[in-house]
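Number of protein chains: 2
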Amino acid sequence: MIKARVLFSGGKDSSLTALLLKKLNYDVELITVNFGILDSYRYAQETSKILNLPHKVEFLDREIIEKSVEIILKDGYPSNGIQYLHKSVIEILSDKYKIICDGTRRDDRVPRLSYSEIQSLEMRKNLEYLTPLMGFGHKTINSLVEKYFIISQGESTLMLKSDYETEIRELIKIKDKKPEDYFPKHNQSRVVGIKYKI
Amino acid sequence: MIKARVLFSGGKDSSLTALLLKKLNYDVELITVNFGILDSYRYAQETSKILNLPHKVEFLDREIIEKSVEIILKDGYPSNGIQYLHKSVIEILSDKYKIICDGTRRDDRVPRLSYSEIQSLEMRKNLEYLTPLMGFGHKTINSLVEKYFIISQGESTLMLKSDYETEIRELIKIKDKKPEDYFPKHNQSRVVGIKYKI
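Order-wise, the sequence lines are chains A and B.
Residue numbering for the first sequence follows the numbering used here, starting at 62 and increasing by one per position.
Residue numbering for the second sequence follows the numbering used here, starting at 62 and increasing by one per position.
Hints were generated in silico from the structure; no laboratory data involved.
Treat the hints with caution; some may be incorrect.
Chain copies aren't distinguished; within one or between two, either way the pair holds.
The calculated lysine to aspartate or glutamate pairs, modelled on EDC-like cross-linking and capped at a C-alpha distance of 20 Å, are [as the list claims (entries may be wrong)]: (1) 64 to 100; (2) 258 to 127; (3) 200 to 88; (4) 84 to 207; (5) 117 to 242; (6) 157 to 127.
As the structure is a prediction and not an experimental result, all values here were calculated from the model.
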């Protein structure tokens with residue numbers, strides 16, 4: 062079986078990505094990155110047990126998230142900073158792994174690698190970068206999530222998740238700023254159960 | 062089970078698309094369109110038996126392929142004509158089916174619907190349009206094809222396939238022109254066996 066690493070937050074998109082790759086008989090390992098700001102990776106750890114898939118935390122240099130937050134504070138909104146962070150993460154992990162996957166969907170704007178960024182990355186690093194949800198719209202994703210998972214949904218400030226946003230918000234607070242001045246209110250989801258055994 | 066229709070030529074991309082959707086527990090029906098120029102749909106019919114999936118031929122108006130060939134003869138190359146044909150096919154089938162899927166891949170240029178064309182189609186027709194291979198590059202597609210299928214590969218003039226090109230070429234011949242003046246030489250594939258039962 063071929064090993065595939067899935068960038069994993071515990072949310073519905075990365076969970077569905079993992080499920081889909083598992084069904085294609087990849088040997089899936091879930092990877093949660095952490096920058097040492099918060100131990101938020103433990104939420105993903107819990108969800109990985111529910112999904113019955115192996116999970117690993119990749120501790121990356123705090124400098125990367127510091128730079129990301131710098132961009133966000135300067136811009137006044139999070140998209141460029143999150144985009145920078147995601148690209149940096151994939152760039153770093155691709156020195157170590159041959160197949161890296163994430164939950165980018167057709168309707169996602171950020172973070173999202175462009176076609177030429179993907180081409181460059183795959184060629185330079187001899188990588189396979191997979192985004193298995195890219196061919197699905199939100200209606201289809203919702204129906205697949207509904208079919209396979211039990212999710213808990215809520216406002217992003219209250220959700221216990223292991224995504225980039227959780228540590229970014231904390232770092233903004235550490236810098237005596239208010240995360241809500243930079244992040245618009247939005248809903249987040251976390252997978253808390255499965256309806257079929259994967 | 063939710064019914065999903067897959068536009069099917071008997072080639073590796075549409076076969077892999079069908080397999081992936083089957084693995085996501087969709088009730089897959091393979092659809093081959095035909096414009097009455099040639100009975101080329103029978104190659105897809107054969108491959109559908111190999112895949113053990115139900116197959117249906119949708120006979121569409123000859124006018125559509127006539128228009129497509131008109132565009133190709135005017136342009137001197139096939140991309141716009143094929144794009145026109147594919148968009149017309151999806152537009153017509155979406156009056157009849159709720160979920161339509163095709164084998165468009167990340168690296169494909171034509172035929173390929175743009176993001177806004179997809180949005181418009183899904184909203185106007187209350188359709189789900191899925192392109193499950195969109196998140197995969199050619200290296201990944203090749204490795205998945207290799208894992209699941211036995212394929213026969215050859216030059217496009219010699220391959221017995223049920224794609225748009227087969228009938229387009231024939232119609233160009235009927236009009237006393239040479240298809241090879243319009244189509245660059247390229248390789249085509251057809252699935253002739255499977256390595257695992259789907």
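Structure-based check of each hint:
1. 64 to 100: This pair counts as neither: shortest intra-copy Cα distance 26 Å, inter-copy 43 Å.
2. 258 to 127: Close neither inside one copy (39 Å) nor across copies (50 Å); limit 20 Å.
3. 200 to 88: between (28 Å within a copy, 17 Å between copies)
4. 84 to 207: both (17 Å within a copy, 16 Å between copies)
5. 117 to 242: neither (32 Å within a copy, 55 Å between copies)
6. 157 to 127: Neither: 23 Å inside a copy, 52 Å across copies.
Checked against the numbered hints listed earlier, the structure breaks hints 1, 2, 5 and 6; every other hint is satisfied.
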